[in-house]
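Chemist: Since the structure of chain G is provided, determine the placement of chain C on it from the hints.
Protein chains in written order, with the working numbering: chain G, 1 to 629; chain C, 1 to 127.
The hints are simulated quantities; they were obtained by calculation from the structure and are not laboratory data.
Keep in mind the model is a prediction, meaning the values are calculated, not measured.
Check the hints yourself; a few may be wrong.
[As the list claims (entries may be wrong)] Here are some chain C residues pointing at chain G (derived, C-beta under 8 angstroms):
hint: 1; residue: L4
hint: 2; residue: K12
hint: 3; residue: R13
hint: 4; residue: R23
hint: 5; residue: V48
hint: 6; residue: L55
We treat Cβ as the ideally placed atom computed from N, Cα and C, and that holds for glycine.
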Amino acid sequence: MPARRIELMLCTGTGCVAGGALHIKQALEGELARHGLPDEVSVVPTGCNGFCGQGPLLVVLPDQIFYSSLKTDDIPFLVQEHFLKGRPVPRLMFLPPEKKERIPLLGDIPFFKKQMLLVLRNKGVIDPEKITEYLARDGYTALEKVFTSMSPEDVIEEITRSGLRGRGGAGFPTGVKWRVCRAEKKTPKYIIGNCDEGDPGAYMDRSLMESDPHAVVEGITIAAFAIGASQGFVYIRTEYPLAIQRLQLAIEQARVYGLIGKDILGFGFDFELEIRQGSGAFVCGEETSLIHSIEGESPEPRQRPPFPAQVGLWGCPTVINNVETLANVPQIISRGADWFAGIGTETSKGTKIFSLVGKINNTGLIEVPMGITLREIIHDIGGGIPGGKQFKAVQTGGPSGGCIPSSHIDLPIDYESLKEVGSMMGSGGMIVMDQDTCMVDVSKFFVQFTNDESCGKCSACRDGSDALLEVLTRITEGEGREGDVEFLEELGAAVKDASMCGLGTTLPNPVLSTIRYFRDEYEAHIKEKRCPAKACKSLTAYWIDPKLCQACLICMRECPGQSIYGEKNIIHVIEQGKCTKCGVCFDVCPPRFDAVKKLSGVPVPSVEHGIKVERKKKGDRLEGEHVQA
Amino acid sequence: MAKLTLDELRQKRAEAQKGVYLREGEFRGKIIVHMGTCGIAAGARSIVAAFLEELERSGTKDIQVTTSGCAGLCSKEPMATVEMRNSAPVRYGELTPEKARKIFNDHVVGGTAAAEYALGIGSERGA
Chain G
1 MPARRIELML CTGTGCVAGG ALHIKQALEG ELARHGLPDE VSVVPTGCNG
51 FCGQGPLLVV LPDQIFYSSL KTDDIPFLVQ EHFLKGRPVP RLMFLPPEKK
101 ERIPLLGDIP FFKKQMLLVL RNKGVIDPEK ITEYLARDGY TALEKVFTSM
151 SPEDVIEEIT RSGLRGRGGA GFPTGVKWRV CRAEKKTPKY IIGNCDEGDP
201 GAYMDRSLME SDPHAVVEGI TIAAFAIGAS QGFVYIRTEY PLAIQRLQLA
251 IEQARVYGLI GKDILGFGFD FELEIRQGSG AFVCGEETSL IHSIEGESPE
301 PRQRPPFPAQ VGLWGCPTVI NNVETLANVP QIISRGADWF AGIGTETSKG
351 TKIFSLVGKI NNTGLIEVPM GITLREIIHD IGGGIPGGKQ FKAVQTGGPS
401 GGCIPSSHID LPIDYESLKE VGSMMGSGGM IVMDQDTCMV DVSKFFVQFT
451 NDESCGKCSA CRDGSDALLE VLTRITEGEG REGDVEFLEE LGAAVKDASM
501 CGLGTTLPNP VLSTIRYFRD EYEAHIKEKR CPAKACKSLT AYWIDPKLCQ
551 ACLICMRECP GQSIYGEKNI IHVIEQGKCT KCGVCFDVCP PRFDAVKKLS
601 GVPVPSVEHG IKVERKKKGD RLEGEHVQA
Chain C
1 MAKLTLDELR QKRAEAQKGV YLREGEFRGK IIVHMGTCGI AAGARSIVAA
51 FLEELERSGT KDIQVTTSGC AGLCSKEPMA TVEMRNSAPV RYGELTPEKA
101 RKIFNDHVVG GTAAAEYALG IGSERGA
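For reference, chain G alone in the conformation it holds in the complex:
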């Protein structure tokens, strides 16, 4: 390969591709060719960079200059200025929210600075579709080490000592699971990588698969060696086409190189790996349902014990690990259990990948050491809440997790601390909410989700979620009754106790945790028929303050239901009977007037039609107010 002076690491994760990254790639290659630069400057498509909110993204190596929000129109100028003439282009660099100075270097951007890359160490640094790129980053050296110097028992011992726990949510010690399976007499044994990621707003596993599939292939091969399996599957949902494509390529390349298949590297170990696609049922993330799905049965869970490590796929001993767990394995083998155990907290070792979404400035995928506080994640990495609003709560663990209120912002995150406050690690979704989020509405949303996704096998989950949803819906519609909150608590506890699988035992968590921290919001809905966040439609009305309205006609024009009356110079009035509460008027009313108000829990004051507007005189303008012509 000829020497180059610049490598352009172009993010081609799903987010950036959706934002046009492949067009950017074409444009870059076209412009580089036009300037005769392809020999000196190469374009390397990478997996998800993580800073998805700013995509499409480009990192220029070796200088580490970070370009964000690129458009194809920017490319000719960028290529000529930076890659030909060596003058970086400031206007394409990252501008932090509410700041004036752009940040040129990747390493100086707070979003990246506080992260610790272990599982995602290759994200954005390699082309995930080439095995040579993974090899160059010491890929498959852990497999080498296992074959040349370790017994299966040594591998299990090393993983146990490292303290690695399942990254799918429950946090079961990985080494223990492997040991149980290893000890089973029955053969064959199976290993399954669980990449069935179903939480709303979560995409950790997908991004891992898209950015470094060989890490999973290497990890699962080592796991197979440790437990004595000769066949493995990666279970991945059909909705992840790019992840499937890259994993498929990785498996084929590994097979060609002889890193999976018969007699791997001449050490006499056989291992076959295949992909199984799921159709996206949430319950398939549960291990016994997942096994049924691979067997071709309908994906319903079964009672445990016996655990899959004893009786699993086709009745044989089977280990199911989340793919993030498996991607940790090569690192632990290469760098040692002590190194891994040195990262994190007393009970939770290593790092965790989270997808940081919701009301947060820097949306994206992050990897952080266990024990980091919520404050660091939300304010330093996440860049705070948009629009200067108040941070209210964060939902971790998706529909199985719970809400953590702002009072716990200094909570160091690990498996135990999250459980203590009524949530859970889950697979790593992290949904940030601000003052405009209604907590009753949030818990209704999650119960709606789990109610849809409940497989219906056991009545606690099926009927319990129905009943929870019914009461929550009633409360948000202003029909709440005295005693509803106590009923939700009692029923929630019963569903937890009586459900068969993880879906049912965790589905009351969003309800119980929001009651625990935001009981007053429930009470306000029920007793005062008031939604404090002014989010529940049935309890909120839109009203135009006649003292503030400047009769500018904007809301009248934009109202899709034509429910606003008024004319030029005549104050606008919302016809409450016609209003569908879509909120468009609230959004379009110019901030300098701020005349459209949301009301909840109070009667809507009536306003006469036909009042003439009293214009503010020019001299009356408030300080800092800028009226545009």
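Modeler: Only chain C this time, still in chain G's reference frame:
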């Protein structure tokens, strides 16, 4: 392709590592070719190519070849600045590919500035 043995895998890895050194980020020095319009017109592109060829030929991995804008002395283009760690940068002018090769071998590899092509030592002061 036949399946690999352990030694063959290691060989493949070593080969692959040659191609990605730009990503490791530790450099002993930097060659900056000035590529303003004046530099490009005077042939700076061939100077970059010459440096890159030398880089590849010598198997050097810890030197970065980069470009920057006009250095201000347009009549002496093409120009390049060699910055080695822990020593003052040296600016060279009126370069040809041959001179670039000699600079690479004398200064970057050998450690002694090619005084015959040097315009000066050091950079302008900042304000």
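Chemist: For every hint, state whether the structure bears it out.
Modeler: Okay, the hints, checked on the actual structure:
Of the supplied interface hints, the one on L4(C) holds, with its beta-carbon coming within about 5 angstroms of a beta-carbon of chain G, less than 8 angstroms. Hint on K12(C) holds. Least Cβ distance to chain G is approximately 6 angstroms, under the 8 angstroms limit. Checking R13(C) against chain G by beta carbon gives a least distance of about 4 angstroms; that is within 8 angstroms, so the hint holds. For R23(C), the suggested interface contact is upheld, since its CB lies about 5 angstroms from the closest CB of chain G, less than 8 angstroms.
Among the interface hints, the one on V48(C) holds; its C-beta lies about 6 angstroms from the nearest C-beta in chain G, closer than the 8 angstroms criterion. The beta carbon of L55(C) comes within 4 angstroms of a beta carbon in chain G, closer than 8 angstroms, and the hint placing it at the interface holds.
Every hint from the earlier list agrees with this structure, and none is contradicted.
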